[in-house]
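If you read the sequences in order, they're chains V and S.
Using the working numbering, the letters of the first sequence map in sequence onto residues 9 to 120.
Using the working numbering, the letters of the second sequence map in sequence onto residues -1 to 106.
Any given hint could be a false lead.
Listed below are the simulated DSS-like cross-link pairs for lysine-lysine, each with C-alpha atoms no more than 25 Å apart in a straight line [stated by the list, open to error]: (1) V:Lys65 with S:Lys105; (2) S:Lys105 with S:Lys77; (3) S:Lys0 with S:Lys77; (4) V:Lys65 with S:Lys43; (5) S:Lys40 with S:Lys105; (6) V:Lys78 with V:Lys65; (7) V:Lys19 with S:Lys105; (8) S:Lys77 with S:Lys40; (9) S:Lys0 with S:Lys43; (10) V:Lys19 with S:Lys40.
Honestly, the hints are just simulated from the structure, not real lab data.
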Amino acid sequence: DAGITQSPRHKVTETGTPVTLRCHQTENHRYMYWYRQDPGHGLRLIHYSYGVKDTDKGEVSDGYSVSRSKTEDFLLTLESATSSQTSVYFCAISETPPDTQYFGPGTRLTVL
Amino acid sequence: RKEVEQDPGPFNVPEGATVAFNCTYSNSASQSFFWYRQDCRKEPKLLMSVYSSGNEDGRFTAQLNRASQYISLLIRDSKLSDSATYLCVVNDNNDMRFGAGTRLTVKP
């Protein structure tokens, strides 16, 4: 299995609070991605990174920001969480697109 | 119209059965295609890539039909351990587009 960890694995928070999710990889892959997965939808891309300090928006980026200060870490921040951001968040890595993406174990976020 | 569409199922089949899933995609310029498997409350994992000429990996066969814009996955001799959700993934100009998945349950 690819060396990808996510933290926290579960989080319950209240509307309006900031939340940061962390993705850490030990594979030295250049590309990192944040997805959310909701019932009835496929995984939807939030943001991705193609190198340190290089990030771009995905399909559902509103309300989210990201940062990548090191190759191994990619952070996803919800500046002010809303109930619509209750979801399962997956981080993924790849060497180059369109190569296989390897996924982390996911973070289950509940916003009350 | 969704970019990648799959029948959500569930497909309930007995052990040993053959089962097939289709997935349609909307962008005729899509470049590469994959099937991922996702177990309940787990992360998706690559099952197989789908090549233009079709490809086989053990009991699994994947086919691509560019003219009709669909890909298929055939599972022969189903095992209990094949129970999972199967995600169709289409690479669309380096954006990976995921279907919502087809749930398969294999019963004894």
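Unsatisfied constraints (hint numbers, rising)
Of the numbered hints given earlier, those the structure breaks are 1, 3 and 7, listed in rising order.
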